[in-house]
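Undergrad: Single-letter residue listing:
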Amino acid sequence: MRNEGLGTRDQLNSTQWRRRVFKPVVWLLCLAPLAYLIYSLSLDLGANPIETVTNFTGIWTLRFIMVTLAVTPLRWLTGINQLVNYRRLVGLFAFFYAALHFIVYIVTTFFIEGFSNFDAPGLVADLTTRPYIIAGFTAFVLMVPLALTSTTGWIRRLGGKNWNLLHRLIYITAMAAVLHYYWKVSVKLVPVNPRNYGILVAILLGWRLWRSVARRRASEA
Amino acid sequence: MLIKKAPDLSESEVTPKALFVKRREFIAAAGVTAAAVATNGLGLFGGNEEVAAQNPDAQKLPNLVKGPFGTDEKMNSYKDVTTYNNFYEFGTRKEDPAAYAHTLRPRPWSVVVEGQCGKPGTYNIEDIMKWAPIEERIYRMRCVEAWSMVIPWAGYPMSKFLERFQPTSRAKYVEFRTLVDTKQMPGQTEPALPWPYHEGLRMDEAMHPLTLLGLGLYGEVLPNQNGAPLRLVVPWKYGFKSIKSIVRVSFTETEPVNTWKKMQSAEYGFYANVNPQVDHPRWSQGSERRLGEFFRRKTLMFNGYGDRVASLYAGMDLRRNY
Ligand code: HEM
Numbered sequence: 001m002r003n004e005g006l007g008t009r010d011q012l013n014s015t016q017w018r019r020r021v022f023k024p025v026v027w028l029l030c031l032a033p034l035a036y037l038i039y040s041l042s043l044d045l046g047a048n049p050i051e052t053v054t055n056f057t058g059i060w061t062l063r064f065i066m067v068t069l070a071v072t073p074l075r076w077l078t079g080i081n082q083l084v085n086y087r088r089l090v091g092l093f094a095f096f097y098a099a100l101h102f103i104v105y106i107v108t109t110f111f112i113e114g115f116s117n118f119d120a121p122g123l124v125a126d127l128t129t130r131p132y133i134i135a136g137f138t139a140f141v142l143m144v145p146l147a148l149t150s151t152t153g154w155i156r157r158l159g160g161k162n163w164n165l166l167h168r169l170i171y172i173t174a175m176a177a178v179l180h181y182y183w184k185v186s187v188k189l190v191p192v193n194p195r196n197y198g199i200l201v202a203i204l205l206g207w208r209l210w211r212s213v214a215r216r217r218a219s220e221a
Numbered sequence: 222m223l224i225k226k227a228p229d230l231s232e233s234e235v236t237p238k239a240l241f242v243k244r245r246e247f248i249a250a251a252g253v254t255a256a257a258v259a260t261n262g263l264g265l266f267g268g269n270e271e272v273a274a275q276n277p278d279a280q281k282l283p284n285l286v287k288g289p290f291g292t293d294e295k296m297n298s299y300k301d302v303t304t305y306n307n308f309y310e311f312g313t314r315k316e317d318p319a320a321y322a323h324t325l326r327p328r329p330w331s332v333v334v335e336g337q338c339g340k341p342g343t344y345n346i347e348d349i350m351k352w353a354p355i356e357e358r359i360y361r362m363r364c365v366e367a368w369s370m371v372i373p374w375a376g377y378p379m380s381k382f383l384e385r386f387q388p389t390s391r392a393k394y395v396e397f398r399t400l401v402d403t404k405q406m407p408g409q410t411e412p413a414l415p416w417p418y419h420e421g422l423r424m425d426e427a428m429h430p431l432t433l434l435g436l437g438l439y440g441e442v443l444p445n446q447n448g449a450p451l452r453l454v455v456p457w458k459y460g461f462k463s464i465k466s467i468v469r470v471s472f473t474e475t476e477p478v479n480t481w482k483k484m485q486s487a488e489y490g491f492y493a494n495v496n497p498q499v500d501h502p503r504w505s506q507g508s509e510r511r512l513g514e515f516f517r518r519k520t521l522m523f524n525g526y527g528d529r530v531a532s533l534y535a536g537m538d539l540r541r542n543y
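As they're listed, the protein sequences go chains A and B. For the first sequence, the positions run 1 to 221 when my numbering is used. For the second sequence, the positions run 222 to 543 when my numbering is used.
The following block holds chain A by itself, in its conformation from the complex (with noise of 0.2 Å):
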């Protein structure tokens, strides 16, 4: 451990920036798309306010997903290690919002006129029926054992190889997750946006199996 108590100012140690500077601030940016959230109920939110709060939710879960994901090829472009220890944080994020997403949708769409009439047939069909949601409830649910898995003590305990391994499903979530948008836009149009985070994971997942292309055939020489 650090002696943190003691630094001043001109004396912080990168542990330190870490800690006072760093952190926070990655903390309030992740924060913000929350804070606006609960700021807008106070706007006018359309004449759907339901949707533009689940869209909001899901698009949210979506870019915190993609900036994981962003973490390692930009560490390994910029050359700066540090960012590597905002990724878990980051990753916890998008978790928070997509059980956020899960929230509302569970709750707006399968209470029938009031809290005392859950229609839990109604969810079933749609989560085992409807392409969209299966996509959707797919990404959700591999990000379960991630949050859960996503303390000190549980990298510890896995190891940091089968950690590593484990936290691999992030890639089938965030397919899983651009499938989601597809389609819950439409199945036959080509909207521009789902297709836009589409491109987005197929380069940081192809720079990823290109990485570990390139290191094979390094190792092998």
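Rather than coming from a laboratory, the hints here were simulated on the basis of the structure. Hints are all accurate, no fakes.
Once the Cα atoms are required to be at most 25 Å apart in a straight line, the calculated DSS-like pairs of lysine-lysine come out as:
{"id": "1", "chain 1": "B", "residue 1": "K483", "chain 2": "A", "residue 2": "K184"}
{"id": "2", "chain 1": "B", "residue 1": "K300", "chain 2": "B", "residue 2": "K281"}
{"id": "3", "chain 1": "B", "residue 1": "K287", "chain 2": "B", "residue 2": "K300"}
{"id": "4", "chain 1": "A", "residue 1": "K184", "chain 2": "B", "residue 2": "K315"}
{"id": "5", "chain 1": "B", "residue 1": "K519", "chain 2": "A", "residue 2": "K184"}
{"id": "6", "chain 1": "B", "residue 1": "K351", "chain 2": "B", "residue 2": "K287"}
{"id": "7", "chain 1": "B", "residue 1": "K340", "chain 2": "B", "residue 2": "K381"}
{"id": "8", "chain 1": "B", "residue 1": "K393", "chain 2": "B", "residue 2": "K483"}
DEER-style ranges, computed between Cβ atoms:
{"id": "9", "chain 1": "B", "residue 1": "E514", "chain 2": "A", "residue 2": "L169", "range": "32 to 40 Å"}
{"id": "10", "chain 1": "A", "residue 1": "L31", "chain 2": "B", "residue 2": "R518", "range": "31 to 39 Å"}
{"id": "11", "chain 1": "B", "residue 1": "R540", "chain 2": "A", "residue 2": "W76", "range": "49 to 57 Å"}
Which bits of chain B does chain A cover? Going by a derived footprint, with three or more residues having C-beta under 8 Å, they are:
{"id": "12", "segment": "304-318"}
{"id": "13", "segment": "513-519"}
Quick caveat: nothing in here was measured; it's all calculated off a predicted structure. No residue lacks a Cβ here, since even glycine has one placed at the ideal position from N, Cα and C.
The hints should help you fit chain B with the ligand onto chain A, whose structure is shown.
TA: What follows is chain B with the ligand alone, placed relative to chain A:
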């Protein structure tokens, strides 16, 4: 956040008309750009601007009479009805028609009538509006996307419109078509749908007393984004059947292919009757969100108009004829 300013119409008092129109187009374009920046930049919350009726000539419909079949349910606001629209001719997002439909020119307007009828020809909107007393009819509108509204339409029975053209006994169906004009309908530069949009009804459906030729809402002529200057309103069918901005009416012997069925026949059929028992692959049809309400409500068979229209489908398998 950027707020779109409504064009200042009082300018017309001091500016020559031609110049004023140019300026108005410019301001509208600037407003649209600002709105686009706001919605794209912030993602989703671009909707708090007050959107006026896009039809600058929005006039009150005189001598509006109260029509039959009304509901006493709470009506959706003028703003809900005019800012949350599916009208892909102006873009695929709900807010697009309100933002972009100002380019539509609902006057002058004419409708071509053709096919199995005694009086084919071209008819203009001024005349059409005079063919029958315009009534106010408050109908539920249920979209296939599982949301609904209550809308005070103005118009007159479709039967009074169609009878004018003296359909022959061979006229079994009637097909309607929307305008195609990429200048007036900029969304048509994208292949979102195969243009023109077309829809059809069986003759007995079209002649049913509930079926309306829509000419206005909230006591005014139709705003552009709601399908000015004339549209179909069939309250027991999903909203996509109620085609907007009609330029062509054809009486046919065979069942016309409607746009959405052509697009995705697994999802959309010809009949498209509101039916909580037959699900759409993307949206459960068992319940719906009435805009403005937090909880969903149960969807009613034929959107609650079953006592009047169920007999049209006696003996038909509505699971197959969805
Ligand atoms: C990682 C998980 C998820 C991501 C990234 C995600 C992403 C999104 C996005 C981006 C949208 C907005 C589409 C638009 O703007 O048109 C959306 C909409 C939606 N999502 Fe998700 N989603 C996820 C999980 C889920 C789950 C688990 C469910 C439910 C089981 C769900 C249900 C919905 C629904 C119902 C909508 C449409 C809302 C409406 O139009 O009213 N999503 N989602």
